[in-house]
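A.B. asks: As a plain string of letters, each chain reads:
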Amino acid sequence: MEFNVGMDGDIVVIEIQGDVVASSIDEMKAQVAKLMEKNFKYFLLDLNKVNFMDSSGLGACMALNKMLLDKKGVLVLCKPTDSVAKVFKVTRAELKLSIAPTRPDGVKLAYAKISESRSK
Amino acid sequence: MADEIVKLRLPSTFDSVAAVRTQTEALLKDRFGASASSEIDDISIASTEMMNNAVEHSGTEFFDVEITFDNCAVVFSLITEGAEFDPTKEIKMPDLDGDETHEGGFGIAMVKELSDEMMHEYREGKNVFTIKKIIKGGIG
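As given, the protein sequences belong to chains G and D, one line each in that order.
Residues 381 to 500 in the working numbering are what the first sequence spells out, letter by letter.
Residues 2 to 141 in the working numbering are what the second sequence spells out, letter by letter.
Don't take each hint at face value.
[As the list claims (entries may be wrong)] Straight-line distance between alpha carbons at most 16 angstroms, and here's what the computed EDC-like set of lysine to aspartate or glutamate pairs gives:
(1) K446(G) x E104(D)
(2) K466(G) x E114(D)
(3) K469(G) x D16(D)
These are computed hints drawn from the structure, not numbers from a lab.
Take these sequences, add in the hints, and give me the full structure.
C.D. replies: Right under this line is the structure:
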């Protein structure tokens, strides 16, 4: 699994490349945890290069989402491939996770969520 | 059905799961083409969850896979030795409608959602967990 990390204003944008599966989720969690330790709490995960995600990968996304919400942070996922979008749809994880079809939409959604979380 | 059968025996590891998934996808893409990509995704996700379950819970050193297909359907069987364990019992997709957050429990529920038939048999000391997926339109 590879990570391409950048910033878009206040948002950490992580483009993930590789499968998000049982054998690799610890890497993904560690990458986000490392950034959270540096007090970053707004994240956009770009999934356009994730060809495959299993239920462990989904569980990791759910766990990260909860962890960030607990810290008044934000997690947005964007541009899932068809196979990954199917995992979100069939499990109804779409109800809990913020998912955008493109990266610009993801950035927009993340800022909307940030503004929502700041107003609470 | 069965006009083509692929049999594999692999160590019970996540690397094997990835290897079977890659091989299954390649086989089915070659056989059914891009028009069946949605069904191939379904088989790929469902079979991965079946194998993950075996790697995590069967406690066996190896697992066996049989992939059988003709022009309109694919049957994927996972065979593990050991005590009887039926993963198809009490399947329930975690309820995400409420406030509660779920991080697990999706695997076998996804297998059920993504396959057209799902069955478990215990014979000669082996668990045989099978799914069938109809390829809409098929070929030929």
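A.B. asks: Hint by hint, where does the structure go against what was stated? Just the numbers, ascending.
C.D. replies: 3
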